[in-house]
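Line by line, the protein sequences are chains X and F. The numbering of the first sequence is the UniProt record's numbering, which starts it at 1 and goes up by one. The numbering of the second sequence is the UniProt record's numbering, which starts it at 1 and goes up by one.
Quick caveat, the hints were computed from the structure, so don't treat them as lab data. Note that the coordinates shown come from a computational prediction; the quantities given were computed from them, not determined experimentally. A virtual CB, placed ideally from N, CA and C, is assigned to each residue, including glycine. Please note that a few of the clues may not be correct.
To give a feel for the contact side, a few chain X residues facing chain F, derived at Cβ under 8 Å [as the list claims (entries may be wrong)]:
1) S8
2) N234
3) S323
Number of protein chains: 2
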Amino acid sequence: MPYFDAASAAPLHPVARQALLAALDEGWADPARLYREGRRARMLLDAAREAAAEAVGCRPDELVFTPSGTRAVHAGISGALAGRRRVGDRLVVSAVEHSSVLHAGEAHTAAGGTVTEVPVGRSGAVDPEVFAAALDSRTALACLQSANHEVGTEQPVAEVAEACRAAGVPLLVDAAQSLGWGPVPEGWSLLAASAHKWGGPAGVGLLAVRKGVRFAPQGPADERESGRAPGFENLPAIVAAAASLRAVRAEAAAEAERLRGLVDRIRVRVPELVPDVEVVGDPVRRLPHLVTFSCLYVDGETLLHELDREGFSVSSGSSCTSSTLTPSHVLRAMGVLSEGNVRVSLPAGTTGQDVDRFLELLPGLVGSVRDRFGAPEPAAAPGGSEALVVDSLGKRCPIPVIELAKVIGRVPVGGTVTVLSDDEAARLDIPAWCEMRGQEYVGEEPSPKGGTAYLVRRVS
Amino acid sequence: MPYFDAASAAPLHPVARQALLAALDEGWADPARLYREGRRARMLLDAAREAAAEAVGCRPDELVFTPSGTRAVHAGISGALAGRRRVGDRLVVSAVEHSSVLHAGEAHTAAGGTVTEVPVGRSGAVDPEVFAAALDSRTALACLQSANHEVGTEQPVAEVAEACRAAGVPLLVDAAQSLGWGPVPEGWSLLAASAHKWGGPAGVGLLAVRKGVRFAPQGPADERESGRAPGFENLPAIVAAAASLRAVRAEAAAEAERLRGLVDRIRVRVPELVPDVEVVGDPVRRLPHLVTFSCLYVDGETLLHELDREGFSVSSGSSCTSSTLTPSHVLRAMGVLSEGNVRVSLPAGTTGQDVDRFLELLPGLVGSVRDRFGAPEPAAAPGGSEALVVDSLGKRCPIPVIELAKVIGRVPVGGTVTVLSDDEAARLDIPAWCEMRGQEYVGEEPSPKGGTAYLVRRVS
Numbered sequence: 001m002p003y004f005d006a007a008s009a010a011p012l013h014p015v016a017r018q019a020l021l022a023a024l025d026e027g028w029a030d031p032a033r034l035y036r037e038g039r040r041a042r043m044l045l046d047a048a049r050e051a052a053a054e055a056v057g058c059r060p061d062e063l064v065f066t067p068s069g070t071r072a073v074h075a076g077i078s079g080a081l082a083g084r085r086r087v088g089d090r091l092v093v094s095a096v097e098h099s100s101v102l103h104a105g106e107a108h109t110a111a112g113g114t115v116t117e118v119p120v121g122r123s124g125a126v127d128p129e130v131f132a133a134a135l136d137s138r139t140a141l142a143c144l145q146s147a148n149h150e151v152g153t154e155q156p157v158a159e160v161a162e163a164c165r166a167a168g169v170p171l172l173v174d175a176a177q178s179l180g181w182g183p184v185p186e187g188w189s190l191l192a193a194s195a196h197k198w199g200g201p202a203g204v205g206l207l208a209v210r211k212g213v214r215f216a217p218q219g220p221a222d223e224r225e226s227g228r229a230p231g232f233e234n235l236p237a238i239v240a241a242a243a244s245l246r247a248v249r250a251e252a253a254a255e256a257e258r259l260r261g262l263v264d265r266i267r268v269r270v271p272e273l274v275p276d277v278e279v280v281g282d283p284v285r286r287l288p289h290l291v292t293f294s295c296l297y298v299d300g301e302t303l304l305h306e307l308d309r310e311g312f313s314v315s316s317g318s319s320c321t322s323s324t325l326t327p328s329h330v331l332r333a334m335g336v337l338s339e340g341n342v343r344v345s346l347p348a349g350t351t352g353q354d355v356d357r358f359l360e361l362l363p364g365l366v367g368s369v370r371d372r373f374g375a376p377e378p379a380a381a382p383g384g385s386e387a388l389v390v391d392s393l394g395k396r397c398p399i400p401v402i403e404l405a406k407v408i409g410r411v412p413v414g415g416t417v418t419v420l421s422d423d424e425a426a427r428l429d430i431p432a433w434c435e436m437r438g439q440e441y442v443g444e445e446p447s448p449k450g451g452t453a454y455l456v457r458r459v460s
Numbered sequence: 001m002p003y004f005d006a007a008s009a010a011p012l013h014p015v016a017r018q019a020l021l022a023a024l025d026e027g028w029a030d031p032a033r034l035y036r037e038g039r040r041a042r043m044l045l046d047a048a049r050e051a052a053a054e055a056v057g058c059r060p061d062e063l064v065f066t067p068s069g070t071r072a073v074h075a076g077i078s079g080a081l082a083g084r085r086r087v088g089d090r091l092v093v094s095a096v097e098h099s100s101v102l103h104a105g106e107a108h109t110a111a112g113g114t115v116t117e118v119p120v121g122r123s124g125a126v127d128p129e130v131f132a133a134a135l136d137s138r139t140a141l142a143c144l145q146s147a148n149h150e151v152g153t154e155q156p157v158a159e160v161a162e163a164c165r166a167a168g169v170p171l172l173v174d175a176a177q178s179l180g181w182g183p184v185p186e187g188w189s190l191l192a193a194s195a196h197k198w199g200g201p202a203g204v205g206l207l208a209v210r211k212g213v214r215f216a217p218q219g220p221a222d223e224r225e226s227g228r229a230p231g232f233e234n235l236p237a238i239v240a241a242a243a244s245l246r247a248v249r250a251e252a253a254a255e256a257e258r259l260r261g262l263v264d265r266i267r268v269r270v271p272e273l274v275p276d277v278e279v280v281g282d283p284v285r286r287l288p289h290l291v292t293f294s295c296l297y298v299d300g301e302t303l304l305h306e307l308d309r310e311g312f313s314v315s316s317g318s319s320c321t322s323s324t325l326t327p328s329h330v331l332r333a334m335g336v337l338s339e340g341n342v343r344v345s346l347p348a349g350t351t352g353q354d355v356d357r358f359l360e361l362l363p364g365l366v367g368s369v370r371d372r373f374g375a376p377e378p379a380a381a382p383g384g385s386e387a388l389v390v391d392s393l394g395k396r397c398p399i400p401v402i403e404l405a406k407v408i409g410r411v412p413v414g415g416t417v418t419v420l421s422d423d424e425a426a427r428l429d430i431p432a433w434c435e436m437r438g439q440e441y442v443g444e445e446p447s448p449k450g451g452t453a454y455l456v457r458r459v460s
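Work out the full structure: start from the sequences and follow the hints.
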């Protein structure tokens, strides 16, 4: 039963399991106590911190363990912003950061601060020059992920770090997706990560803050973890997390090479096997194990369900799989199709057979979902009126795009189709469909019947 | 090697270990995902929540899991204060709450709020009428522990809850020390606890918020745990925590009875075996497994070290064992002796033999520490001048009290001894010594030589 969602969570690494079991026996006591059980716990904690710091590339006293990657990000951002309050209240982040970063930004805005989102290109990467231009003398902190969690694109961290250095702005790197594969390029000021992404247990994140970076922990004081992560240390899990990080790093180069080959197979074969697919994310500067594609005229939730029935666990950034019924902010920022979105992230040890079986099944599953929605046949005889209006109000993704595709052939080249829709996914997917199909997206305006009117001109 | 510090942390309960191992295999995936591994994780999370809610005595949707008891307290206090911001900004807490509560109070004060500490009597308990009198129409929240973590005294939670209800003020109960022994009396609005105190793993706390209590989670938003505990759920540990709570509750009545007998043995025998000892905390309304006593003329850290060498792990509220060199705020609020303080908290399964060996060793260890410090012999011939001054400036606990005890016999009844000291422990321990010795503590004033002058009148 192949599990293809390693970017969400990975099963516990055997080394982590072993370390966890040992530390449950040896490391349950309070490391702040002076008696032997406490001293033993302290030694385990110190050793785990040293191992993690070595993998991160920092000093042990620069690194604390937090209860999760999310908490590491929250503590890192709030502490760095407070530490540089006198400099200014501007936070600069990329538009495709993890929700923990964006939520910390919303909290900053609610408290009266300013957040600037740096846009990304269609590959999902920021342009270092655009990022640099967003930095100014009132910028307290900049945040950039090492690699994107939804599309796998690596960010130009070294170049952005250099720009931050030149501007005198500390850079927080969310390394959650990449730390298991290798260290983050030099130049960061703060770094956050999450153990269950690298085969460690849940309940452990890490936050590194370089010496010299102004940092004022927020929230109630606490003596543990240098005052940066309140509460009793989750010691057995910390020990397991550090052991796992060391173990996956030892295997990282070979496994990355192998998984990169499997992902390349998916990148190449999916568009060959399935018509009307867009593979998104940078094809070269990317995580080794992650690939994302979107299928026109497909409902993401239904496709996930079909894949799950066949034993494949994947995730999706389609609006129908989100509780808010909006497409992933990452796909939106990239301006790529969100309907029928599938993220495949391979855990270590995934076999070529698993990938081949996935490629074998996918075309049939996509086809059956499309049949169910009545997706258009490719090409239809032209002719008919110059301007058509399609009323898709009240209909959800992928219906508005399907209806657009069905009628575009009925207007002559130069004619227009107006799609009325109140589905949030349409705002992203209609322009993305035009891009894929070589049609012209003219723009949107409020529809007199409610919702939005999207205007498309047939050019081919 | 008897471990007598269960109030800090307890070894993992065998049931917790078993549940943890099973959940590492079955519950590593993201419970928010729709595929089978995610659904399985969601089922485990739901089942753990139901089990914990049953033990707490609340509805499952009133309870969230947090990364620690400290985080549960922090989130509970900040959320409740924010939820009732329009009512007022007053927080009422007992003076002997856990540091996590007091630190949350300090954060509230730093943000412009007001904190009122309700004093306790010499037993460590608040007087419900005094607590009630502290509540007013601008009180947003009251906090009271179920039982004290340092001296074991149970608080009158039911009476205080009734007073809070009458005043329309929500009551947060920190049940960290007692939840394994049984549910908290009815009437609370919020409840916080910590799994590693009941044989569960580290990394899990719980926060229950009754329906109808106004609550506004603070900090960055997050979709997990009803928005009250951000970050990926520490699921295997949560499963283990719930299993352990159920298991210890099944054994609680019998084990409480047994440990209560062992603690009674310590409460009775220590003052018989060791001269100049004060056993503190309520002798009846108390936790079953915890007893605290203080030994005059003894340095707490040295005594802990001697006990550790003999294989006994205990903790202490003496100033010398604290990083700030101040005595425990609990002992201070109770006005009891802090020097030579020893807290014994027995884990489940402690044997009578362990306790007997402790009682056998203790007198010799206390005696040898006293010899090292040159503690006074009991009684000395009276006579000499009417007023003596002892300069203990620059000397740490227990020296100032030892020097006072050495010279009190040299002034006649009615005469005075003035002790000059700049040790923070003296402020608590000199009055406590007077109380124990039946001498009159007159008061303190700034000393012209620096530090404080403590005036004692000999009356017996």
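We went through each hint and held it up to the structure:
no.: 1; hint: S8; result: 4 Å, holds
no.: 2; hint: N234; result: 3 Å, holds
no.: 3; hint: S323; result: 7 Å, holds
Comparing the model with each earlier hint shows no violations; every hint is respected.
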